[in-house]
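Residue numbers (our numbering), protein chains in the order written: chain E, 1 to 533; chain W, 534 to 574.
Don't take every hint at face value.
Stated by the list, open to error - Facing chain E, a subset of chain W residues (Cβ under 8 Å, in silico):
hint : residue
1    : 537
2    : 538
3    : 542
4    : 545
5    : 546
6    : 553
7    : 554
8    : 556
9    : 560
10   : 561
11   : 564
12   : 568
13   : 571
14   : 572
Stated by the list, open to error - Taking CB as the label site, the calculated pair distances span:
hint : chain 1 : residue 1 : chain 2 : residue 2 : range
15   : E       : 316       : W       : 563       : 21 to 27 Å
16   : E       : 233       : W       : 563       : 38 to 44 Å
17   : E       : 70        : W       : 547       : 44 to 50 Å
18   : W       : 537       : E       : 70        : 53 to 59 Å
19   : W       : 537       : E       : 69        : 58 to 64 Å
20   : E       : 460       : W       : 547       : 55 to 61 Å
21   : W       : 539       : E       : 380       : 55 to 61 Å
22   : W       : 562       : E       : 321       : 46 to 52 Å
23   : E       : 430       : W       : 563       : 46 to 52 Å
24   : W       : 558       : E       : 335       : 33 to 39 Å
25   : W       : 563       : E       : 197       : 55 to 61 Å
26   : W       : 543       : E       : 20        : 22 to 28 Å
27   : W       : 558       : E       : 303       : 17 to 23 Å
28   : W       : 549       : E       : 234       : 31 to 37 Å
Think of the hints as simulated: they come from the structure by calculation, not from any bench. On a predicted model such as this, the values are computed, not experimentally measured, just so you know. Using N, Cα and C, we set each Cβ at its ideal position, and we do this for glycine too.
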Amino acid sequence: MSANHTHSHAAHDHDHDDHGPAKGIGRWLFTTNHKDIGTMYLVFSLIMFLIGGSMALVVRAELFMPGMQLVDPGFFNTMTTVHALIMVFGAVMPATVGLANWMIPMQIGAPDMALPRMNNFSFWLLVAAFSLLILSLFMPGGGPASGWTLYPPLVLQTGDALPLAIFAIHLAGASSIMGSINIIVTIMNLRAPGMGLLKMPLFVWTWLITAYLLIAVMPVFAGAVTMLLTDHFFHTTFFAAAGGGDPVLYQHVFWFFGHPEVYIMILPAFGIVSEIIPTFSRKPLFGYDSMVYATASIAFLSFIVWAHHMFTVGMPLAGEMFFMLSTMLIAVPTGVKVFNWTATMWKGSLTFEPPMLFALAFLFLFTIGGFSGLMMAIAPVDFQYHDTYFIVAHFHYVLVPGAVFAIMAGVYYWLPKWTGHMYDMKLAKLHFWLSTIFVNVLFFPQHFLGLAGMPRRIPDYSTQFADWNMVSSIGGFGFGLSQLLFVYVIIKCARGGEKASSVVWDGARTTSLEWTVPSPAPYHTFDEAPVVK
Amino acid sequence: MSTGPTEEQRRRIRRTTIVLALVALGIYVAFIASGVMKAQH
Numbered sequence: 001m002s003a004n005h006t007h008s009h010a011a012h013d014h015d016h017d018d019h020g021p022a023k024g025i026g027r028w029l030f031t032t033n034h035k036d037i038g039t040m041y042l043v044f045s046l047i048m049f050l051i052g053g054s055m056a057l058v059v060r061a062e063l064f065m066p067g068m069q070l071v072d073p074g075f076f077n078t079m080t081t082v083h084a085l086i087m088v089f090g091a092v093m094p095a096t097v098g099l100a101n102w103m104i105p106m107q108i109g110a111p112d113m114a115l116p117r118m119n120n121f122s123f124w125l126l127v128a129a130f131s132l133l134i135l136s137l138f139m140p141g142g143g144p145a146s147g148w149t150l151y152p153p154l155v156l157q158t159g160d161a162l163p164l165a166i167f168a169i170h171l172a173g174a175s176s177i178m179g180s181i182n183i184i185v186t187i188m189n190l191r192a193p194g195m196g197l198l199k200m201p202l203f204v205w206t207w208l209i210t211a212y213l214l215i216a217v218m219p220v221f222a223g224a225v226t227m228l229l230t231d232h233f234f235h236t237t238f239f240a241a242a243g244g245g246d247p248v249l250y251q252h253v254f255w256f257f258g259h260p261e262v263y264i265m266i267l268p269a270f271g272i273v274s275e276i277i278p279t280f281s282r283k284p285l286f287g288y289d290s291m292v293y294a295t296a297s298i299a300f301l302s303f304i305v306w307a308h309h310m311f312t313v314g315m316p317l318a319g320e321m322f323f324m325l326s327t328m329l330i331a332v333p334t335g336v337k338v339f340n341w342t343a344t345m346w347k348g349s350l351t352f353e354p355p356m357l358f359a360l361a362f363l364f365l366f367t368i369g370g371f372s373g374l375m376m377a378i379a380p381v382d383f384q385y386h387d388t389y390f391i392v393a394h395f396h397y398v399l400v401p402g403a404v405f406a407i408m409a410g411v412y413y414w415l416p417k418w419t420g421h422m423y424d425m426k427l428a429k430l431h432f433w434l435s436t437i438f439v440n441v442l443f444f445p446q447h448f449l450g451l452a453g454m455p456r457r458i459p460d461y462s463t464q465f466a467d468w469n470m471v472s473s474i475g476g477f478g479f480g481l482s483q484l485l486f487v488y489v490i491i492k493c494a495r496g497g498e499k500a501s502s503v504v505w506d507g508a509r510t511t512s513l514e515w516t517v518p519s520p521a522p523y524h525t526f527d528e529a530p531v532v533k
Numbered sequence: 534m535s536t537g538p539t540e541e542q543r544r545r546i547r548r549t550t551i552v553l554a555l556v557a558l559g560i561y562v563a564f565i566a567s568g569v570m571k572a573q574h
């Protein structure tokens with residue numbers, strides 16, 4: 001975004017007793033305010049992060065030593081499955097939607113989201129979805145245990161939990177689609193006068209592209225699970241070879257959704273990091289236009305790489321070559337982004353507050369995940385890595401010190417704007433260092449385990465894998481416990497602390513409109529649209 | 534009090550919403566239809 005725009009100061013700075021938030025529980029049940037809904041999304045995702053994290057700890061506890069110790073294998077499989085579903089659809093995605101709800105209207109100078117009542121409905125639909133998914137754990141036969149990909153025919157052996165889980169996925173998908181429509185119509189219709197598309201903050205850009213991705217691929221996943229449902233209950237044979245169907249068809253349809261889904265989680269993270277690095281480098285973002293084009297290129301390429309997840313099903317050589325090369329192409333726009341973030345810091349006046357620390361860790365550690373992804377793109381090599389812990393290490397590097405660290409960076413960046421208070425910097429930095437150390441202790445050894453041949457999704461393993469599994473589990477518990485500090489810092493900040501100024505970070509002065517409104521941001525932000533020049 | 538969208542903005546919001554919802558529904562139906570066709574071959 002242009003660093004030298006001016007705007008009529010349109011923020012509310014008078015009392016709002018006449019149309020402020022409602023009192024009591026009704027405020028949260030019926031609110032149509034983008035800030036309230038953003039807060040609910042963020043709190044919901046934090047709860048899901050803790051629940052999904054606890055499931056990961058069950059997995060790591062069982063894998064601490066070879067032999068069966070704590071849980072039976074079926075429950076172990078349920079934990080790996082539900083952990084993934086919760087983290088992907090219940091933690092990471094709603095967290096980025098929460099940030100979008102809070103920040104997009106403020107960054108584009110809009111009074112609220114374009115469809116406020118649908119916004120409320122999207123959120124509560126998500127609560128219903130995850131209540132159902134968690135309830136499915138208590139159904140006869142146990143929860144879904146086929147992995148988050150829900151591959152048939154294995155998934156069709158699920159007990160009574162299957163319809164619950166599929167209904168949960170449908171509801172979560174409907175919620176995502178409604179949320180995406182809301183974000184697109186808000187950005188396309190409610191931008192402040194003078195804010196052309198190429199003046200929008202990068203976070204808004206990345207979310208606009210993400211929202212289009214969501215509308216394109218969530219219905220694909222919904223279609224795939226609908227076909228699973230009819231195969232299970234209505235004797236269709238979409239995915240059963242005996243009836244003329246094809247189980248590999250499911251894999252194609254799933255990954256046509258599944259690969260863009262990865263970018264749905266990471267593009268908003270790119271946007272957050274693109275906001276933070278310029279602020280703490282005290283320089284405008286290097287290569288703004290190329291960042292936008294790189295984001296769009298990544299989104300486009302995400303549609304033509306899906307079969308790299310299924311090299312081992314057996315496909316023609318030309319197919320393998322195509323998906324191998326198209327996957328490698330993604331490294332080009334991603335490299336542009338990493339270069340631009342680095343160039344933004346070059347000769348900048350850097351300081352290392354918690355948002356910048358998390359953004360820097362993102363830059364280094366996400367890149368490790370990106371590089372291991374490039375290794376897997378090479379089809380003949382992938383035959384060795386496929387379904388090993390190397391894959392587990394790769395996608396956790398992309399999603400934890402990648403997406404999750406960027407979300408934490410965003411929370412630490414905007415928390416003073418939301419609450420009006422500065423948070424405890426020392427505790428936040430401690431949270432950063434503990435998280436960064438333990439996340440590497442947790443996931444880096446999984447590369448070694450995978451290269452040595454340890455398969456994923458197994459509750460027991462050969463003794464040759466014992467040492468690194470023990471190290472990984474120690475890292476897991478350390479990382480999990482460190483997050484309690486994150487919760488404490490947020491709660492402490494929400495309850496009080498040193499007053500935050502409207503600009504909050506001195507380097508943020510010229511970056512975007514949210515820094516022109518007081519901290520905490522008023523319940524209704526803009527009386528009249530600010531003018532951007 | 535915050536100013537809401539103008540009538541023209543409301544019209545565009547409604548139109549875009551309907552188009553995007555139809556696109557999503559169309560993709561959902563198209564992928565199931567592709568499964569039906571595959572199963573019939």
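Q: Give me the numbers of the hints this structure contradicts, sorted from smallest to largest.
A: Checked against the structure, the hints that fail are numbers 16, 17, 22, 25, while the rest are satisfied.
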